[in-house]
Amino acid sequence: MENLIALLIAAPLLGAAVLLCGGRRLDAVGHWIGTVLAAASFVIGVLLFADMLGKAADHRAVTQHLFSWIPVAGFQADVTFRLDQLSMTFVLLITGVGSLIHLYSVGYMEHDERRRRFFGYLNLFLAAMLLLVLADNYLLLYVGWEGVGLASYLLIGFWQHKPSAATAAKKAFLVNRVGDVGLSIAIMLMFTTFGTFAFTPVLGAVDGASEGKLTAIALMLLLAACGKSAQVPLQSWLGDAMEGPTPVSALIHAATMVTAGVYLIVRSGALFDAAPDAQLVVTVVGAVTLLFGAIVGCAKDDIKKALAGSTMSQIGYMVLAAGLGPIGYAFAIMHLVTHGFFKAGLFLGAGSVMHGMNDEVDMRRYGGLRKYMPVTFVTFGLGYLAIIGFPGLSGFFSKDKIIEAAFAKGGTEGWILGGAALLGAALTAYYMTRVMLMTFFGEERWRARPTASPAEPDVEPAAEERGTHAEPHPHESPWIMTIPMIVLAFGSVFAGAFFGVGNRFLHWLEPVTGHEEGNSPVSAATVTAATLVLLLVGVGIAYLQYGRRPVPAVAPRGSLLTRAARRDLLQDDFNHVVLVRGGEHLTRSLVYVDHTLVDGVVNGSAASMGGLSGRLRRLQNGYARSYAVSMFGGAAVLIALTLLMRAV
Amino acid sequence: MNPVNYLYLAALLFTIGATGVLIRRNAIVLFMCIELMLNACNLAFVTFSRMHGNLDGQIIAFFTMVVAAAEVVVGLAIIVSLFRSRHSASVDDASLMKL
Amino acid sequence: MTPLATPAAPLTDGLTLAAYSTSTGEAVQFWILGTVAVIGALCTVFMRRAVHSALSLAGTMIVLAVFYLANGAYFLGIVQIVVYTGAIMMLFLFVVMLVGVTAADSLKETIKGQRWLALLCGLGFGVLLLAGIGNASLTQFDGLSEANAPGNVQGLAALIFTKYVFAFEITGALLITAAVGAMVLTHRERTERALTQREMSERRVREGKHLPPLPAPGVYARHNAVDIAGLLPDGTPSELTVNPTLRERGQVRDVSREALGDLKALEQRSEERLERTRSGEGTQ
Amino acid sequence: MSFPLLTVTAALPAVGAVATAAVPAARRTAAKWLALAVSLATLGLAVAVLVRFDPDGDRYQLTESHSWISDFGVRYELGVDGIGVALLALTALLIPFIVLAGWHDADPLETGSSRWRPTQGFFALILAVEAMVILSFEATDVFLFYIFFEAMLIPLYFLIGGFGDRAHQGGEETASTQRSYAAVKFLLYNLAGGLIMLAAVIGLYTVAGNFSLQEIAQARADGSLHMATSTERWLFLGFFFAFAVKAPLWPLHTWLPNAMGESTAPVAVLITAVVDKVGTFAMLRFCLQLFPEASKWATPVILVLAVISILYGALLAVGQRDIKRLIAYASISHFGFIIMGIFAMTSQGQSGATLYMVNHGISTAALLLVAGFLISRRGSRLIADYGGVQKVAPVLAGTFLVGGLATLSLPGLAPFVSEFLVLVGTFTRHPVIGIVATVGIVLAALYTLVLYQRTMTGPVKAEVATMPDLRVRELVVVAPLIALLLFLGVYPKPVADLVNPAVEHTMSDVHKTDPKPDVEAAR
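Listed in order, the protein sequences are those of chains A, B, C and D. The opening residue of the first sequence carries number 0 in numbering that gives the first Met the number 0; numbering runs sequentially from there. The opening residue of the second sequence carries number 0 in numbering that gives the first Met the number 0; numbering runs sequentially from there. The opening residue of the third sequence carries number 0 in numbering that gives the first Met the number 0; numbering runs sequentially from there. The opening residue of the fourth sequence carries number 0 in numbering that gives the first Met the number 0; numbering runs sequentially from there.
Hint data in this document are derived by calculation from the structure and do not stem from the laboratory. All values reported here derive from a predicted model rather than from experimental measurement. Hints are not guaranteed to be accurate.
What the hints assert, rightly or not - Label pairs and their computed distance ranges (CB to CB): (1) B:S84 x C:V164: 39 to 45 Å; (2) C:L194 x B:S84: 17 to 23 Å; (3) A:L642 x C:G171: 45 to 51 Å; (4) D:F486 x A:L559: 55 to 61 Å; (5) D:D468 x A:G211: 52 to 58 Å; (6) D:S69 x C:I169: 37 to 43 Å; (7) C:T190 x D:R26: 46 to 52 Å; (8) C:A178 x B:H51: 31 to 37 Å.
As the list claims (entries may be wrong) - Below are the SDA-like pairs computed for lysine to any residue, each with C-alpha atoms no more than 20 Å apart in a straight line: (9) D:K460 x D:A383; (10) D:K390 x A:P162; (11) A:K161 x D:A464; (12) A:K161 x D:K460; (13) C:K111 x A:G621; (14) D:K492 x D:D508; (15) D:K390 x A:G21; (16) C:K111 x A:A627; (17) D:K460 x A:V205; (18) D:K460 x D:S379; (19) C:K111 x A:L615; (20) D:K492 x A:L65; (21) D:K492 x D:V50; (22) D:K515 x A:A72; (23) D:K511 x D:W296; (24) D:K515 x A:L615; (25) D:K460 x D:D384; (26) D:K390 x A:L25; (27) D:K511 x A:A72; (28) C:K162 x C:G150; (29) D:K460 x A:L25; (30) A:K161 x D:V459; (31) C:K162 x B:H51; (32) A:K212 x D:V431; (33) A:K161 x D:R453; (34) D:K515 x A:V205.
Quick reminder that beta carbons are idealized off the backbone N, C-alpha and C, glycines included.
Next up, chain A with everything else stripped away, as it sits in the complex (with noise of 0.2 Å):
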C-alpha cells in the first residue's frame, strides 16, 4: 500500500509536465486534465487514509524509499516518503482543498488565455507542496519547501504584465529565500550535529546534543518558518502577494503553503521540545504576529488584503500553539486545519464576489451584495462564523484550545500569551465583521461613480486592467464555483467539533507529536467565557462603526494606528528604505567600485605601463648617433663597473 505514496506526489507532477509542455493543443481540455489529476492524488490519499485507519495507532507510520539521491561519503540524501499522521492530514487537507479549487478555478479562469499554464503551475504547487509534508528528511522537505515557493511565484504573478503582480511575485520569492537560508542553515547544522538530516535519526539523536546547538537549529528553523508562514519579521510578501488570482490566495496563501511553517516547527518537535529558549522566541513570534495581523486586516480596504491580513494572525495562533510544545502541537495542527476549510471558504467567496463584481477589490464599492449573491453570502456568512470562533463552529473549536493552551504554558510567559491571544480573538470579530458589513450590507455602494481610492492606489490598475469602468451588475457565479464553496462551508461548520468532541483529533495525532496536558492557571470553562464575552465585544464595536452608519466610499484619513496599519504597519517603508534603497546604493557603489578600483589598478598598471613604454620609444629615434650615445655610455658603464669590481 505504502508504494501509493510516490503516486500521490506524481499524478500532480505529470499533470503540470503536460500541462506546460503540451502546448497550445492541450489549452481545450487543460484545466479538466489538472483537475481530474488532483482529484486522483486526493482519491489515493483516502485510499491510503483508509489502510492507515485499519492499523494500530503506533504502527501507521510509513516509509517509502524510491532512490539515493545525494549519496556524497557521510552526506547521504534519499528520496524517501514518509507517510504518517501528521503527513496524512495534510495530504487530505492538500488534495482535498487543492481538488475544490482546482474545479473553481475551472470556473473563475474560464475568460483568461492562459488557464492552462494556470492548471499546470496549481499541479505543480500541489506536487511540490505534497513533497513538502511526505518528505522523510529535511533536504528533501526543502526541496518541496522551495518548489511550493516557485509555484507561488509563478502564481502570484500569474498576470505579468501588471507590473504590480511580478514585483509582488518577486517579492515573495525574495522574502521567502530570506526564510530558506534558515532551512539551509538548519540543515547544515544537523548534519554537523547528527551527520544526517533525515527525520528519525536526527528527532531521535535531540538528547545527544549541546542545547546550543539545539537552539540554533531551532531558531533557523524558525526562520524558514516565518518566512514561508508569513510571520514577523518576514510577514511583508503575504499582503502583495494577494496580486495573484484569488483561487491561488484561497490555496497557497491560506489553506496550505503559508501553514508549512507550521507544520516544520510541529514536525521538528522533539527538536524544540530541548531547546526551550528558541521555544519562547516561537511563541512570542507567534503572538506578535496574530497581533501584528489583526491589526492590519482591521485597517484594509481592500477584502482580500484584510483577509491576507487574517490568515497571518490565524497563522501566528498556530505558530503561537506549536511554541507551546507538546501542549499545542496538536492544537496548532487543529486550527491549521480547520482554517484551512474556512479561509479557503472565505477567499473563494471573496472571488465570487470579486467575479460578480468586475475584478473589483475594494470593500468601500461594495454593500448590500446578500440580494445578489446568495450562495455567496451564506457561505461565505459560515466562514466568517467560524473564523470569530461563534460557538459550535470549527474555529471555536480550535481556536479556544490554542487560547487554553497559551494560559497552559504557565507563569508569566501563559498569562502573557493568553492574554494576546484572547486580544487577538476580539480583533478577529472585529475585522471579520467589518468585512462581513462592508461587504454584504449596508447600501450599494457600487452604484456610486467609482472614484480613485488614495487609500489603496495599487489596485487601480487591476480594475482598470481587466474590467471596465461600467457599473457592474452583481450576480452569483456559476455551480462549478459555488460547489466548492458549499463543500467549503460544511467543513468549516463541521470540522472543529468532528475533531474536537471527544479529543478526536488529539488522539490521532498523539503517536507523532506527543501530548501533554498543562496546567492551566484558569479553567477551559473561564477561557471560554472571556473569548466569547471578547468576541461580542469585537462584533459590537465593528456593527456600530460599519453597520449603524453608512461607509464612505472613499477612506477617511483615519488615526495614525489606522494610516500604519494601512501600510502594513510601515515595514514596507523600512525595507524600502532600509533594505531596497541601501542595496541600491550598495550594488551602485560597487559597481563603481569594480570599474574604477578594481579594474581601475590593472587598467592603471597597463596605462602607466603604456607610458613608460611610450617614453621609451622616444629613445629610439632611429638616429644612429643616438644609438651610438647608448653603446658608448654602456661602454662606459661597463668600464665602471669592471673597476668597481676590482676595486671591492
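Start from chain A and add chains B, C and D according to the hints.
The following block gives chains B, C and D in isolation, referenced to the frame of chain A:
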C-alpha cells in the same frame, strides 16, 4: 718621463674620437673620427709592445691598419652611394631604423 | 730624434722595476708633439669643413707616426705615414670633393640633448679610462731592444709569416673583399644608351619646366656676380640662379633687401602724391 | 598497446577544426554541418570514455604515456580520473549545442559592412578550443597541461575579438573597439597568469626533476620528494594564481564580464561553461595534489576570497544593466562557490565543487543561450530595452525562467545539489564562512528574478511586440539542456558516483578527513 704617458695620450685621443662620432653628422667626418679612434688604439698597442718587450703589439697594430683601410674603402663607398640616392652625407638623414 | 739605448742593467734587476724612464729628449718630444696631436684631434672633431677636419687628422696621424718611431716601431711608423696619411687620407679628400659641401657640415645639433649626452659620456668615459690606466700596475717596461735586435722589420716578418700567418691571409682576403665591395657599391651599370643632347632637350620640353637654360646669377639685379642671386620681379631672390654648393655653404649674398629698400622709397614718393589726391577725395 | 582512446577524443576535434577551416568560403553551410558532425562524433567518443571508465578502478585510467622531450623529462602522458571524465563529458556535451546555437552568428554581415567574418573560421576555432580543453582535462604531465592551458587562449582571443555580438548599441565602430578591448584584456589577464604558472612549472621541475603528475604526487606522498615549506608555498601560489585568473576569483575577475559581454552568446558559453572550468579543475588536480601542505596553508585566504567572490559577484550582477554582463557576474559568484568547495577540504565540498562545475556548465549554457536568442531578436543587450516578452514569446520566456531558476539553484534542478553540497562541505569545517556564503543564495534569487521581471514581464514594449518565439533549431538547443538540468537535479547519483572515488583520492592527498558530527564524536 714614464712611457705610460703614451697610454694616457691614446686614451685621450680615443675619447675625443668617440665624442666626435657622437657629435658630427657628416658621415665623412664621422669616419675620420673613427680613424682617429683606431689610431689611438694603435698607439696603445705600440706602447704595450714596448712595455712587454715583444712585437705582438705591433703586429696587432699592423692588422688594425689593414682592417682600417678596408673599412674606409667600404665605408666611403657606402657614403658615396648614399649621397647619390639621398643627396646628403648626413647620417641623420638615414634614420630608417625607426619604424 | 732616434731614441733610446735603453740601459739593460736595471732590467736584469727585478727590484728596480719602477725606475724605467725614457730619455729627456723623448719627454720633450712627447709633450710638444702630444699637444699637437691633441689639438689636431680636437680640430678634426670641431672643424666645420670636412676638408679642414681631414687635414687636422692628417697632422695628428703624422704625429702618431713619430710616436711609433719613438716607441721602436719603425716599420709601423713608416707605414703610418705612407699608407695611412698618404693613401687613406687622400681617399677621404677625394670623397669630400665628390660629395661636396652639404648641410651636414653645420655644427648645429638637431637631436635634442645629443650633444650634452655625448659630451657627458665622452667625459665620463675618458675619466674612467684614464683612471683605469692609472690604476693598472703598469710598472714593468722591458723595452724593445731585445726584440728589435735582428731588426724591426725582420722581427715583424718572422711573426707575421709564422705565428700570425692565418690572420695575415685572412686580412688579405678581407682587403680584396673590401675592394670588390667598394666597387659593387659605387658602380652603376649603364643599362641604357646615354641620351643625346637632342633627346635631353626634347625631354625638357616634354616636362615643361626649366625650358630655357638656368638663369644667370644677378641678371635681374644691379649686381652681377656668381654669388649673388638674381631677383624675381617681386624682389625675392631666385634659387635657380646660384650654384647649390654656394648656397649650402651660405656664401650667397642677398641683395633682395636693397631692392625692397628701393621699393619702399618708391612707395614713399608715390604716397606723397597719393596723399594729395586722397585729401582731395576727402574734400569732395 | 591498447587503443589510444583519449588521444583520439582530443584529436578528432583538432582534425575537425583543420578540416572545417579548409572548407571553401562559398560552401559555408557545409562547414557548419561538418563542425556539428565532428562535435557530435566527439561526444560519441566522450561517451565511450565514460563507458570504459570504471569509477571504482584505478585512480587514473585509459592512460597513455610516450616520451616527448626526453632531455627535460617531458612526457606525453594522458589519463583521466572521475573528475576529469565528468568534465570531459561536459565539454563534449556542450560543444554541439554551442555550434548549433551559433549557427548564424558568423554569417557574413549585411551588405555595406566592411567587416570580414569567416564562417568556417568561427566553427574551426570552437573545435580547436574543444580539442585543447579536452587535452588539458586529460594531461597528467604538468608541462603538457601547461601547453594546452595556454594554447587555448589563442583561438579564444580570435573568437572574442573577431566575432562580437551583432547586437550592439554603439554601432559597429564602438562595438569593434570594445571587442578588441575585451579580447586583449582576456588575453593579457590569462597570459599574465600563465606566465607566472610557467615560472612555477619550471620551479617544480628543478625541485622534482620531472613533470609527471603521478610520479611527483607519488614521491610527495611517500616522502621521497621533500620540498622546503617556502618553496612549496611559492610554487603553489604560482600555480594557483594562473588558475584563479582563469576561474576567475575576485579580484582577478574583471576580464570575464568584458569578454562575455562582447562575445556572442555561444562563445560566452564556451568561455564560462567550458574553458573556465579548466581553472577550477586544475586547482583540484594540480594545486591540491602537488602541494597539499601549501594548499592547507592558503585555505583561509582562499576561502575568504571565494566568499567575497560569491557576494561581490552577486551584488554586481544586481547592479548590471546589460544582460550578458549580469550573467557574467553571476558566474563569478558561482565560481566563488566552486573554489570554496574545493578548498573546504571535505568530501562534500569537493564532490559538490565538481558537480558544480558540471551543473554550472549546463545551467549557464541554458541561460546564456536563451539570452543570446533573445538578444539576437531585439538587437540590444540592455535589460531596459525589453519588457513583456513573456506575452509575446512564452516558450522563450519559459526556458529563460528555467535557466534562471537553475542559476539561483532551485531545488529540483541540478545546481541545487552541488551548491548545497558545497555549502554543507564548507560549513562542516568553517561554519562562519558557510553561513556568509549562504547569503549568496538570496542575492542569486534577487538578480535572477530582477532580470526576469524586467525583461519578461510587465507591459509589452513596442519593439518587442513582433518578436518571434523560439525556432526549432533553438528549441533543439535548449530543450536537452533543460531536460539534463532536471534529470541531474533529481538523480545526480551517476555523476556523484563517478566523482566520489576521485574526491576520496584527493582528500587522502591532502591528508584530510571529514569532520565527525558532534553526536558521533561524543560517543
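Here's how the hints hold up against the structure:
{"no.": "1", "hint": "B:S84 x C:V164: 39 to 45 Å", "verdict": "holds (41 Å)"}
{"no.": "2", "hint": "C:L194 x B:S84: 17 to 23 Å", "verdict": "holds (21 Å)"}
{"no.": "3", "hint": "A:L642 x C:G171: 45 to 51 Å", "verdict": "violated (39 Å)"}
{"no.": "4", "hint": "D:F486 x A:L559: 55 to 61 Å", "verdict": "holds (56 Å)"}
{"no.": "5", "hint": "D:D468 x A:G211: 52 to 58 Å", "verdict": "holds (55 Å)"}
{"no.": "6", "hint": "D:S69 x C:I169: 37 to 43 Å", "verdict": "holds (41 Å)"}
{"no.": "7", "hint": "C:T190 x D:R26: 46 to 52 Å", "verdict": "holds (50 Å)"}
{"no.": "8", "hint": "C:A178 x B:H51: 31 to 37 Å", "verdict": "holds (34 Å)"}
{"no.": "9", "hint": "D:K460 x D:A383", "verdict": "holds (10 Å)"}
{"no.": "10", "hint": "D:K390 x A:P162", "verdict": "holds (13 Å)"}
{"no.": "11", "hint": "A:K161 x D:A464", "verdict": "holds (16 Å)"}
{"no.": "12", "hint": "A:K161 x D:K460", "verdict": "holds (13 Å)"}
{"no.": "13", "hint": "C:K111 x A:G621", "verdict": "holds (13 Å)"}
{"no.": "14", "hint": "D:K492 x D:D508", "verdict": "violated (24 Å)"}
{"no.": "15", "hint": "D:K390 x A:G21", "verdict": "holds (17 Å)"}
{"no.": "16", "hint": "C:K111 x A:A627", "verdict": "holds (14 Å)"}
{"no.": "17", "hint": "D:K460 x A:V205", "verdict": "violated (57 Å)"}
{"no.": "18", "hint": "D:K460 x D:S379", "verdict": "holds (13 Å)"}
{"no.": "19", "hint": "C:K111 x A:L615", "verdict": "holds (15 Å)"}
{"no.": "20", "hint": "D:K492 x A:L65", "verdict": "holds (13 Å)"}
{"no.": "21", "hint": "D:K492 x D:V50", "verdict": "holds (16 Å)"}
{"no.": "22", "hint": "D:K515 x A:A72", "verdict": "holds (12 Å)"}
{"no.": "23", "hint": "D:K511 x D:W296", "verdict": "holds (13 Å)"}
{"no.": "24", "hint": "D:K515 x A:L615", "verdict": "violated (62 Å)"}
{"no.": "25", "hint": "D:K460 x D:D384", "verdict": "holds (8 Å)"}
{"no.": "26", "hint": "D:K390 x A:L25", "verdict": "holds (18 Å)"}
{"no.": "27", "hint": "D:K511 x A:A72", "verdict": "holds (13 Å)"}
{"no.": "28", "hint": "C:K162 x C:G150", "verdict": "holds (18 Å)"}
{"no.": "29", "hint": "D:K460 x A:L25", "verdict": "violated (28 Å)"}
{"no.": "30", "hint": "A:K161 x D:V459", "verdict": "holds (10 Å)"}
{"no.": "31", "hint": "C:K162 x B:H51", "verdict": "holds (17 Å)"}
{"no.": "32", "hint": "A:K212 x D:V431", "verdict": "holds (14 Å)"}
{"no.": "33", "hint": "A:K161 x D:R453", "verdict": "holds (12 Å)"}
{"no.": "34", "hint": "D:K515 x A:V205", "verdict": "holds (16 Å)"}
The structure does not agree with the numbered hints 3, 14, 17, 24, 29 stated previously, though it agrees with the rest.
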